[in-house]
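Residue strings, one per chain:
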Amino acid sequence: KNEVEQSPQNLTAQEGEFITINCSYSVGISALHWLQQHPGGGIVSLFMLSSGKKKHGRLIATINIQEKHSSLHITASHPRDSAVYICAVRVGADGLTFGKGTHLIIQP
Amino acid sequence: ETGVTQSPTHLIKTRGQQVTLRCSSQSGHNTVSWYQQALGQGPQFIFQYYREEENGRGNFPPRFSGLQFPNYSSELNVNALELDDSALYLCASRTGTGVGYGYTFGSGTRLTVV
Chain U
1 KNEVEQSPQN LTAQEGEFIT INCSYSVGIS ALHWLQQHPG GGIVSLFMLS SGKKKHGRLI
61 ATINIQEKHS SLHITASHPR DSAVYICAVR VGADGLTFGK GTHLIIQP
Chain Y
1001 ETGVTQSPTH LIKTRGQQVT LRCSSQSGHN TVSWYQQALG QGPQFIFQYY REEENGRGNF
1061 PPRFSGLQFP NYSSELNVNA LELDDSALYL CASRTGTGVG YGYTFGSGTR LTVV
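Line by line, the protein sequences give chains U and Y.
So that you can map any letter, position 70 of the first sequence is 70 in the numbering used here, and since no number is skipped, the others follow by simple counting.
Here the numbering used here runs 1000 ahead of the position in the second sequence, where the first position is 1.
Think of the hints as simulated: they come from the structure by calculation, not from any bench.
A quick note: this is a predicted structure, and the numbers were derived from the prediction, not measured.
Cβ-Cβ distance ranges computed for the label pairs, FRET-style:
| id | chain 1 | residue 1 | chain 2 | residue 2 | range |
| --- | --- | --- | --- | --- | --- |
| 1 | Y | P1070 | U | E5 | 36 to 44 Å |
| 2 | Y | S1073 | U | S45 | 17 to 25 Å |
| 3 | U | S7 | Y | P1070 | 39 to 47 Å |
| 4 | U | Q9 | Y | Q1018 | 31 to 39 Å |
| 5 | Y | N1079 | U | P79 | 40 to 48 Å |
Cβ coordinates follow ideal geometry from the N, Cα and C atoms, glycine included.
Model the full assembly from the supplied sequences, consistent with the hints where possible.
Okay, structure coming up:
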């Protein structure tokens, strides 16, 4: 069974701080996704990674396949970044296995 | 048409009833998967359809079933509803089944079973 663990579960930071959210998984994967979920429930796909690093605006995602670990970084955090960030992995052609999410609050 | 649309957005049903949730995917998205998200938890994979055939299933009983149609829409059916079926149900679609294809998620249907 594939387990996806995220840390921290909850994170409160001040505007402008550098944020790091971690994700570890237990089996080999074909892809890892970072997702953002707002209180209404809608999920936005931020990144899909199978190796290396990706950057989009203030967001950076990295993955280390050997260590089965990925990180999501937010630079110059802003209150509008407040959301639940979810790591999800895909094994072969199956659907996604999700972590429980990291609840991020950025205070002005 | 862009985006993934789910209907209804909210639904209240009584224990023992049956429910059908709908998802309308982007044109060309021939893979759709459904997820159940209980309050405070991450989503759980229910099943996946590719070109109208189920090609993957999570740990959900047979009373959870689905259909996918040629017009890129799909349905999730749940029979004999139980109180624990109360959750947010999400569908996600993409083009193909290969590694390089990202997902587009709908906003979900919040089902309450009373």
